[in-house]
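2 protein chains.
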Amino acid sequence: MNETIFKKAYGLAQQAFKADEVPVGAVIFKTETGEIIATGRNQTERLKDPLAHAEMVCIKKALKKTGEKRLLGYSLFVTLEPCVMCAGAIAAVRLDTLYFGAYDQKSGAVNQGTQVFTHPQTHHKIKVIGGIHEVECGDLMRTFFKNKRESQK
Amino acid sequence: MNETIFKKAYGLAQQAFKADEVPVGAVIFKTETGEIIATGRNQTERLKDPLAHAEMVCIKKALKKTGEKRLLGYSLFVTLEPCVMCAGAIAAVRLDTLYFGAYDQKSGAVNQGTQVFTHPQTHHKIKVIGGIHEVECGDLMRTFFKNKRESQK
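In order, the protein sequence lines correspond to chains A and B.
Okay, so the first sequence: first residue is 156 according to our numbering, each after it adds one.
Okay, so the second sequence: first residue is 156 according to our numbering, each after it adds one.
Check the hints yourself; a few may be wrong.
The list treats identical chains as interchangeable, and a pair is accepted whether it falls inside one copy or across any two copies.
[As the list claims (entries may be wrong)] Each computed DSS-like pair below joins lysine-lysine, with the alpha-carbon atoms no more than 30 Å apart: (1) Lys261 to Lys301; (2) Lys303 to Lys224; (3) Lys219 to Lys203; (4) Lys216 to Lys203; (5) Lys308 to Lys224; (6) Lys303 to Lys220; (7) Lys282 to Lys224; (8) Lys203 to Lys220; (9) Lys280 to Lys215; (10) Lys163 to Lys308.
Don't read these hints as lab results, they were simulated from the structure.
When you get a sec, could you build the whole thing from the sequences and use the hints?
Below you can see the structure in the form of structure tokens.
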């Protein structure tokens, strides 16, 4: 994946931050060319929908845009390690490669936790590359939650 | 949960079967009274959306109906053991109890596979009761896939 893709997803995470949403952004692109076909950011607060994670929003858009049931030939970059729900969705749509930014010790289900894609039960052995611009993506999360804690004092 | 809830969900699974969808039905109800507030059935084919599992459809409806971000005080019955995506969604909305029908050796993520709710990482220790009308729910699945295999011969 290229820097344009990172910047697009990071910009979406920043938008989420400004909207007081957990700052996560996601982009789906053609694996071969890098052409972006769908984007998404966390919207759980605005939509009052705890399922509206960046990845879910982005995948839904990509499915609509392509008209396909499987996103073969497409890859996803998301600024945070996906949770178990999103990892399940990523496997279900058969994306080629999952790129992600910050590791998520608490809710990540790729490199930690249930490790959905390396679990023997997985139906889809996706290629995973984590830690892309890890510090920037992680700092956005850390600042967001630090602000939240301070505002609750 | 009561028989009315089972029958509703099983009826939805049968509807899915007739529509050539994987036959799974789900119902969300008030834990205390059993009042049904949302229903869903698998619609992955009709919607061309591999994320449109019965549980996801049902949870989305329940969130809209209640206007809440969490489904505290509500429980879910689904005719098949949830997959990893749906288990993640069930945890995210904080349902009280998960009841399910047939165990799913291949894709179930509750009693097998990644065992989302008993994994140390889980944020939500939900009460789980599996195997409700297991044979009926399982037979519907087995007949569906047997027919599929035979039609492909």
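Results of checking the hints against the structure:
In the homo-oligomer, the alpha carbons of lysine 261 and lysine 301 lie at most 30 Å apart inside one protomer (16 Å), although the nearest pairing across protomers, at 41 Å, exceeds that limit. When the C-alpha separation of lysine 303 and lysine 224 is checked against a cutoff of 30 Å, the pair qualifies only between copies, where the shortest distance is 18 Å, while the shortest distance within a copy is 38 Å. With identical chains, the CA atoms of lysine 219 and lysine 203 are at most 30 Å apart both within one copy (22 Å) and between copies (8 Å). Taking the closest pair of Cα atoms, lysine 216 and lysine 203 come within 30 Å of each other both inside a single copy (19 Å) and across two copies (12 Å).
Proximity of lysine 308 to lysine 224 under the C-alpha cut-off of 30 Å is restricted to the inter-copy arrangement: shortest distance 23 Å between copies versus 47 Å within a copy. Taking the shortest Cα distances, lysine 303 and lysine 220 sit within 30 Å of each other only across copies (28 Å), while inside one copy they are farther apart (36 Å). With identical chains, the CA atoms of lysine 282 and lysine 224 are at most 30 Å apart within one copy only, with a shortest distance of 20 Å there and 33 Å across copies. Proximity of lysine 203 and lysine 220 under a CA criterion of 30 Å is satisfied in both settings, with 24 Å inside one chain copy and 11 Å between copies.
For the identical chains of this complex, lysine 280 and lysine 215 are neighbours both inside a copy (21 Å) and across copies (28 Å), given an alpha-carbon limit of 30 Å. In this homomeric assembly, lysine 163 and lysine 308 never come within 30 Å of each other (Cα to Cα): the closest approach is 34 Å inside a single copy and 47 Å across copies.
Checked against the numbered hints listed earlier, the structure breaks hint 10 alone; every other hint is satisfied.
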